[in-house]
Amino acid sequence: MKYSKLGNSELEVSNICLGTWPIGGGMGAIEQKDAIDAIHASIDNGINFLDTAQMYLDSEYILGKAIKGKRNKII
1 MKYSKLGNSE LEVSNICLGT WPIGGGMGAI EQKDAIDAIH ASIDNGINFL
51 DTAQMYLDSE YILGKAIKGK RNKII
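Residue 32 in this note's numbering is what sits at position 32 of the sequence shown, and the numbering runs on without skipping anything.
If you are wondering where the hints come from, they were derived from the structure by calculation, not from laboratory data.
Among the clues, some could well be false.
[Said to hold, decoys possible] For lysine-lysine, the following DSS-like pairs were computed, each having C-alpha atoms within a straight-line distance of at most 30 Å:
| no. | residue 1 | residue 2 |
| --- | --- | --- |
| 1 | K2 | K70 |
| 2 | K33 | K70 |
| 3 | K65 | K33 |
| 4 | K33 | K68 |
| 5 | K68 | K2 |
| 6 | K5 | K65 |
| 7 | K5 | K68 |
| 8 | K2 | K73 |
| 9 | K5 | K70 |
| 10 | K2 | K65 |
| 11 | K73 | K5 |
| 12 | K73 | K33 |
| 13 | K33 | K2 |
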């Protein structure tokens with residue numbers, strides 16, 4: 001995974017972002033377990049840049065469940 005510095009900070013952010021609109025059901029129904037598995041696979045493969053928004057339906061709720069215990073691995 002390639003990373004870039006975030007602005008003037010010391011934070012290193014992955015060049016690939018996981019967008020969570022589909023995980024929240026924005027593109028049709030998805031099993032919560034499958035969504036959480038996808039988030040875990042992304043984090044386990046070095047993605048630390050996750051995009052979510054309140055309008056992404058259930059994505060914030062599911063993302064919160066998925067990052068429990070992994071919060072220190074994401075920006």
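Practice task
Please name the hints from earlier in the document that this structure breaks, with their numbers sorted from lowest to highest.
Solution key: none
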